[in-house]
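Residue numbers (the numbering used here), protein chains in the order written: chain A, 438 to 866; chain B, 438 to 866; chain C, 438 to 866; chain D, 438 to 866.
Read the hints as simulated data drawn from the structure, not as lab findings.
None of these values were measured; they are calculated from a predicted model.
Just so you know, not all the hints are guaranteed correct.
When chains are identical, the list treats them as one kind, so a pair holds in a single copy or across two.
As the list claims (entries may be wrong) - Keeping only pairs whose Cα atoms sit at most 27 Å apart, straight-line, the calculated DSS-like set for lysine-lysine is:
hint, residue 1, residue 2
1, K834, K819
2, K596, K550
3, K858, K710
4, K594, K550
5, K444, K835
6, K835, K575
7, K575, K596
8, K444, K689
9, K775, K689
10, K834, K647
11, K591, K858
12, K689, K591
13, K647, K775
14, K647, K576
15, K449, K840
16, K835, K819
Number of protein chains: 4
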Amino acid sequence: MTYAFDKLDEEKVFKDPVHRYIHVRERLIWELIGTAEFQRLRRIRQLGTTYLTFHGAEHSRFSHSLGVYEITRRIIDVFEDHPDWEDGERLLCLCAALLHDVGHGPFSHSFEKVFNTDHEAYTQAIILGDTEINHVLKKVSADFPEKVADVIGKTYKNKLIISMISSQIDADRMDYLLRDAYYTGVSYGHFDLERIWRVMRPRDDQVVIKYSGMHAVEDYIMSRYQMYWQVYFHPVTRSAEVILRKILHRAKSLYHNGYAFRYPPGLLVPLFKESMTLSEYVRLDESVILYYFQVWQEEEDPILSDLCRRFTNRRLFKYVEFTPSNYQIYADLREAFKEAGLDPDYYLVVDSSSDLPYDFYRPGEEGERLPIHLLMPDNSLKELSRESDVVEAISGKKRTDHKLYYPADFIHDLTTHRSAKERIQSLLQ
Amino acid sequence: MTYAFDKLDEEKVFKDPVHRYIHVRERLIWELIGTAEFQRLRRIRQLGTTYLTFHGAEHSRFSHSLGVYEITRRIIDVFEDHPDWEDGERLLCLCAALLHDVGHGPFSHSFEKVFNTDHEAYTQAIILGDTEINHVLKKVSADFPEKVADVIGKTYKNKLIISMISSQIDADRMDYLLRDAYYTGVSYGHFDLERIWRVMRPRDDQVVIKYSGMHAVEDYIMSRYQMYWQVYFHPVTRSAEVILRKILHRAKSLYHNGYAFRYPPGLLVPLFKESMTLSEYVRLDESVILYYFQVWQEEEDPILSDLCRRFTNRRLFKYVEFTPSNYQIYADLREAFKEAGLDPDYYLVVDSSSDLPYDFYRPGEEGERLPIHLLMPDNSLKELSRESDVVEAISGKKRTDHKLYYPADFIHDLTTHRSAKERIQSLLQ
Amino acid sequence: MTYAFDKLDEEKVFKDPVHRYIHVRERLIWELIGTAEFQRLRRIRQLGTTYLTFHGAEHSRFSHSLGVYEITRRIIDVFEDHPDWEDGERLLCLCAALLHDVGHGPFSHSFEKVFNTDHEAYTQAIILGDTEINHVLKKVSADFPEKVADVIGKTYKNKLIISMISSQIDADRMDYLLRDAYYTGVSYGHFDLERIWRVMRPRDDQVVIKYSGMHAVEDYIMSRYQMYWQVYFHPVTRSAEVILRKILHRAKSLYHNGYAFRYPPGLLVPLFKESMTLSEYVRLDESVILYYFQVWQEEEDPILSDLCRRFTNRRLFKYVEFTPSNYQIYADLREAFKEAGLDPDYYLVVDSSSDLPYDFYRPGEEGERLPIHLLMPDNSLKELSRESDVVEAISGKKRTDHKLYYPADFIHDLTTHRSAKERIQSLLQ
Amino acid sequence: MTYAFDKLDEEKVFKDPVHRYIHVRERLIWELIGTAEFQRLRRIRQLGTTYLTFHGAEHSRFSHSLGVYEITRRIIDVFEDHPDWEDGERLLCLCAALLHDVGHGPFSHSFEKVFNTDHEAYTQAIILGDTEINHVLKKVSADFPEKVADVIGKTYKNKLIISMISSQIDADRMDYLLRDAYYTGVSYGHFDLERIWRVMRPRDDQVVIKYSGMHAVEDYIMSRYQMYWQVYFHPVTRSAEVILRKILHRAKSLYHNGYAFRYPPGLLVPLFKESMTLSEYVRLDESVILYYFQVWQEEEDPILSDLCRRFTNRRLFKYVEFTPSNYQIYADLREAFKEAGLDPDYYLVVDSSSDLPYDFYRPGEEGERLPIHLLMPDNSLKELSRESDVVEAISGKKRTDHKLYYPADFIHDLTTHRSAKERIQSLLQ
C-alpha cells in the first residue's frame, strides 16, 4: 500500500468543543498535524485582537484548521456515494483543508497592511519549500505538494475541490462562524451545519446545495452577516488593531532611522528590511510579538513605549464615526493634534471596514465570489438569491463603516494646550 | 457617596460563554479590571500546558477571574435578603473574588516547583504593593487593600466571606469546572450552577447548602472528580509540564554556570537569582516564556535546545506507569540512560499527581479542607458525606498516580549504544 | 397585607428546559397555576398537529404559559428601576401573561375555522365567568378579573402593559419561538433572549428597545421568519390539520342529518349546535378529541371512519402547489373526483398560509401590528426597519402559500374508474 | 434484491432534539414506523405521570423508540469493521431496537400493577399477531417476526444482539437518560453518548467497552443513578401514580359490582374482565384513559369522581416517609381513616421505589443484570466495578424508599370528626 492510503493502527481523535470529535485515520494527516509549522498555529489566535473585546475569543488557528479538516471530511463522506474523483483526490482535499491557513502570521491582517506580506503566498511557500510539511507531503508523491498548493491557490484543474475549500459556503467559513460564536459566546453564528453538509452535492466544477436545504443556507448567510458586524468589525477590536499597526510602523521607522533600542527588534528585523526568508517567517508567532510589546514599554521613544503600554494594558483609543467625504474635519484635526504636540500619524487614525454578505456576480472582481447554486427538484441549478427573499434582500449590498480613532485620555489631559484641546473636542463632536 | 458605592452611569456587561453575561455596576470593579496587573491575566492560560492535550483549552485566567467574580455576585444577590454583613463587606467579597488569582505567573505550577515562588504570596503582594490595583483599592479606604489580602490569605475576621472564595464548593471551583469543561469540550464538568447558588445560605462562619440542593452538590463533586482525572492530570499534559520544568532547570543551571546564551534570559534573570522584585514579576507572562523557548531552540547547549524544540513543536516525552516502591528499576534506568549518553536528570522524570475528591476532616492538615454542610429541614447542619451515598463512597480517598517520562524517540534512535538501548527497552516494559 | 402582595413562605420553582427555572413568589400566581382551567392547558398541545411532522413537538400550552409568565417577570425586574406603574400593575401584568392563552381549546385553529369559536373570547370568559380562576383573581379585588381581561382584550388604559403581552416583540412570541425550537429540535428559533429583555425599556405607552440591542432584535425577527416557514406552516402539519377539520365537518354534518353514531359525540354536541356553555367548553381537551377519533374509526360512515383512521394512524393527504388564479384546474379536479366516487368536499382541499414577518404600519388593519421602536442614544425613537437593513428587506412583505391536498393512496388505488384516475393524475401534475 | 435490503430512493430523516437527526435508509424500517401500532406510541407518554412534576416531560414513547433505533444504528456502524454477523442480523437488530417498546400501554407501570398485564408479552404479541407490524416483518421472511420477538424476549441464539437491546448499558437506557434529561430540563442525565458508542466492541456474546472509555461509562452510571432518584422516583410523580392506580381499582370494582356508570367504561371493559384481545389492547392509549378520567369527574360514586378530579386537576396526595417495620402506625391510621369516613383502601396508600444502580452479579436473580465488561489493553475482560472506584462504591447497593400517601386537604377539612382528625394528624407526624 502506498503512503497516501496508509491508515493509523487506531483512529486518533481530538476532543473538539464545536464538532465533538475530530477523527484522523490517515497517517499522512496525523503526521502533518505533528509538523513544527502546523504546531506553530497554536501560537496564533484565530481572531487577532478580538480577545480584547470578547474575552473568550482566545482560540487559535490550530483549532480552526482541525475544524476545517473535519467538516471537509464529513462532506466528502456524504459525497462518496457519487465518486468521480481521481484516486487520491479525497486526500488532496483533506490536506488542502488542513493546511489552508498554515501561512498565517501573528495578527496577520495588521502585519499584511504594514509589511505587505501575504499569508496565502506564505501558505504556498510553506507547502512547497524546505519544511517539515513539504517532507511529509512528498512521501505521497513528488508532485503532491504542488497539487495541494494549487488547490489553495485556486489553480488546480478540478474546480470542485477548490470550491470545497474556498467558496461562499466552504468548510473554512462554516467552521469559523461556528467556532468564533462558540468562543465569543454570542448567540449569532449558529446554523445547522449537519443539515448543510448533508445537502451538499458535487456537481461538475462546484458544490451545490439541494433545494430542500435552502433555509439552512439562509440561516448560514444571516449568521455570517451578523458575525461580521457584531464580532469581526467590532469597533473596539479595530481600536486595538489600529494601535498594533501603529506600533509596527513606529518600530520599523525607528529601526530605519538608527534608533538605539534598549530591546533590539531581533526577530523582526527581516520584516523591517522586507527581506524575510521562510525560516525567519515561521519563527514569528504572537508570543514573539507580545514579548516585544511587553519590553518596549520601557523604550525611551515616547510614542513606541506609549503605544506598547496601550496595547499590553488595553488602554485603547476611543472613536467617532467618520464620513470620508468630510475630509476637511480630518485635516483640521490633524492640525490641532500637531499643535497639541500629538503626532497625528500615530494618534489620529481612520479605519474602515466593509463587507459584502453575499454576492452572485461581481463583474471585474476577484474570481472567488462564485454564487451559491441550489439543485432544484428538476435537477436544474438556480442561483440562491433568486429563490430566497432574505438573501436577495442583502445580496450585493456592500456596507462600509468608517471610524476615526484617537487617544481620548491624552486629549482629556491636555492642560498646556488649552485652545488646541478645545478645537479638538469641538471637531470630534 | 463614597467611592466604594459609586455606580457606573450604565452597567457594563462582558459577553461570556459560560455565564452568558458578566455584569459590572460598581466603578471600583470596573477600574480593577482595567489595571495593568489584571489585564496581564489575559496572557496567562488558565490550564497551563493542557492546550497541548485538549486544543480548545486556550482560555486565560482573565476569563476565569471574571467568572469567579460573577458567580460570587450572584450568590451574594441570593443572600441579600439575609444581610448581616458590615457595610462594604459585599464589595470586599467581590474584590477578593475578582483578584484571587492575580498573583499567578506563567505556567504557575511548574514555576513554583522550580523557583520556589508562591502565587498566593504574589497575589497579596500585588494587592498591598505599589501597583495600579493597590491604588484603586485604596480609594475605598486606606485599610481596604489589607482587608482584601486578608480574605485571600484566609485570615479575615468574617469567615463566611472567606468560605465563599475558598472552600470545597466555592465560586473559584465552580467557575473553573464549568469553564474548563466548556473550553476543552469534555462532557464531564457540568452541574447545575444556578441550582447550587440558589440553595446556598450564609450560616455563621460558613456558606451551607439547603438540603434540597444535595443532589446538585453530588453532581458537582462528581464533576470535580472526573475533571481531575480526565483533564487536569492527563498524562500528556503532564509530559509537557515535565519538559517545561526541565527547560527552566536547564536554563537556570546554565546561567549559574556562566553559559554564554545566544539569546540571554533577560527577564528571567531575577528568577534564576531568586531575588525578584514585584515589578519584575508582573512583567512575566506566557508570551515572554514562549518567546524564550522559541529562540532557545537555536542555543548551542544540546539539552536546552532539544527541550525547547520539544515544547514548542509538541514532541513530548512518552510515559509508563511507575511504582515508587520499585525504586531499583528507576536506579537501573538512570544508569542505562547515562551509559546511552542521555542525562537522566533531564530525560528520565518521575511525575506524580494525587487528588482528594472530597474530604470532611483531615486532622493535622491545611485548614482549607472544611467540610460541606447541608442545612437540614429542621435547621440543623449535617456533613455532606453522611447524607450522600455517592460522596461517602469517594470521601477521604486519596488517589495517586505516578508516571515515568522519557524521550521514546531518542531511545528508538539509539544506534551506537545498542546494549544500553536494549536494557532501557526491557526495563520500560 | 393584602392578598395581592401575599408572598409564599418559600419561593416555588418549576424546572423548565427553556428558562432553566420558573420562579413563583406570589401566592396569587401559585393559586392560579393550581386551578382546573389552567391545569387543563396540560392537555392541549402548543403546536396542534405539528407533532405529526416534528415528533418532538409534544409540548403543551401549560409549559408555554409558564414561560410567558417567566419572561414577563424578568422584563419587569429590569423595569423596576424606572417604576411609574400604579400599585398592583406589576401583578396585573404577570396574571395577564400567565393567563393569556387559557381560552385555547384543543387544536384551536382548526376548531375556530369549523365552529366559529374564538379563543380570545373564551380567555376573557374564563377570567370573568364562574371559574376557579375568577375566584382566585377576585381575592385581589372585585374589579381585578376585569382588569386582567382588559389587558388581554387590549382595552386596558395603560398601553405599556398591553404592549408587553401583545406586540411584535412580546413575551408570548419570545417564549414560543424559543420553546418550539427547543422541542422540535430545529436550529432556527434561537436568539439572545437575555440580551433583549435587558435592553427593553418602558416608554410612555410601549416597550421600546435600546439601540444597542438592535442586532439581537434582528436575530429575533429572522428567527420568527424561519420558524413560520420551516415549522409552523410545514405542509405536512397542514395536511393533518386539513384532515382534522374535515373530520369535524363530517361529524357535525352527520349529527345534523340524524346519523346514528355507534359512539355518540357526547361532549361535542354543544359545539355542533353552536350553543356551548363555558363549563362545557372547559371540559374539552385533546384527549377528548383523540378519544372520539380513535373510536370513530369504527363508525359505519365511510368518510368519517376513513378520515379518523388517517388522522390517528398518520396516513396523511399528499399535496401539490396550487395557484388560486388557476381556478379551472380546481373545478376540473372536483368533477373528476366526483366521477371517481370521491367526495371533493372532503378529499380535495385547498389550504393557504400567509405571514407578514414584520410590519411597521398597516393602514386600515388590526391595531396590534404596532412597530418596534428603537431608543436611540439621543433619546429619540426610531422605527426598527429604518435602522436595520435586514428587517427593512423583509418588512411589510406578505408571503402566501397555497397547497391542494388529496389522498394520493386512494387515487393510486382507483381501479374501477380508470379514466377519472388518469384525468386526476394529469391535472395534478 | 430481497425486501430486507431494499433501500429507500432517498434517505428519510427525522429532526430529533436529542440526536439531531434520525436516519432511515431501509424501506423495512420506514414501513414499520408507518404502521398503526407504531404510530400509537405517539399517544403514550414516555414518562407516564412525570409531566405532573416536570412539566416539560410530555414526550412520547414514539420519540424514544426512534431514538433507540438511531443509537443502535450508530453502534452497528462502528461494529461493521468487525462483521461476524449472519446476513440480515444487522436489520434484525434495528427492528428489535425500534419495536422493543411497542407493547407498552397507557401509563404502563400502573396498568400492569392493577390488571396484571405485561408490556413485554404484548410487544411479542404485536410482533407475532395479526397486525400491520407483523405483515411488514413477514415481507422479509416467514420466520423474521419470530426472530425479532426472540431478540426482545432474550431467547435469540446470538446473545450479542440481545445485549445491544437489553443490558446495563444498552441503546434503550442510553436514549431514555438523554431524552428524559432533555425534556425535563434537569442537568443530570448527560453523558458522552458518542464516546460510548465509539468504544463499544462486539466480543463473543456481549458488547464490551474499550478500557479508554471507562470514564464515559462511569458518567453514564452516575447519570442513571441521579435520574432515578431525582426524576423517575420523584415523590410527586408517584403521588399521581397512586391516584391513577386507585381510579382503575375503583372503576374495576364498581364495574364488577354492577354500578350504573353515567359514562360507561366501554374500551376498558375487557381489561376489567381480564380477557383482552390484541385488537382491543392496541386501541388503548392515554387519550382514551384521560377521556374517561375527564368524564368520570361527573360520576355519582364519590370516590371515583373525587379521584378523577384529583388526577385531572392535579390535586395530588401529600406524603410522609414510611418505615415498613413500623406497621402499627399504618394499622392505626387505617382505623382512624375509617372512623373519619375515608376509605383507607383508596386514601391511605403505601408506595415503594427501589433501584440498584449497577450490579455485577446477582445470584439467583433475573438474568438481565449482566455486568459491564471493560476490554483491557491486553485484550482481557475486566468487570467494570473492579476498575472504577465510583462504580464500585454504588455497586450492588439497593436503595429503597417508602412513602405513605394521603389526601391532606380532606384531613384538613375534617370538621365533623374532630378526634379522628387529631389522631390522624398526630400519627402522620
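Going down the list of hints, with the structure as the test:
no.: 1; hint: K834 / K819; result: both (20 Å within a copy, 22 Å between copies)
no.: 2; hint: K596 / K550; result: neither (30 Å within a copy, 54 Å between copies)
no.: 3; hint: K858 / K710; result: neither (38 Å within a copy, 48 Å between copies)
no.: 4; hint: K594 / K550; result: neither (31 Å within a copy, 57 Å between copies)
no.: 5; hint: K444 / K835; result: neither (46 Å within a copy, 41 Å between copies)
no.: 6; hint: K835 / K575; result: neither (43 Å within a copy, 51 Å between copies)
no.: 7; hint: K575 / K596; result: within (23 Å within a copy, 49 Å between copies)
no.: 8; hint: K444 / K689; result: neither (48 Å within a copy, 43 Å between copies)
no.: 9; hint: K775 / K689; result: within (22 Å within a copy, 49 Å between copies)
no.: 10; hint: K834 / K647; result: both (25 Å within a copy, 26 Å between copies)
no.: 11; hint: K591 / K858; result: neither (52 Å within a copy, 49 Å between copies)
no.: 12; hint: K689 / K591; result: neither (33 Å within a copy, 50 Å between copies)
no.: 13; hint: K647 / K775; result: neither (60 Å within a copy, 38 Å between copies)
no.: 14; hint: K647 / K576; result: neither (37 Å within a copy, 33 Å between copies)
no.: 15; hint: K449 / K840; result: between (47 Å within a copy, 22 Å between copies)
no.: 16; hint: K835 / K819; result: both (23 Å within a copy, 23 Å between copies)
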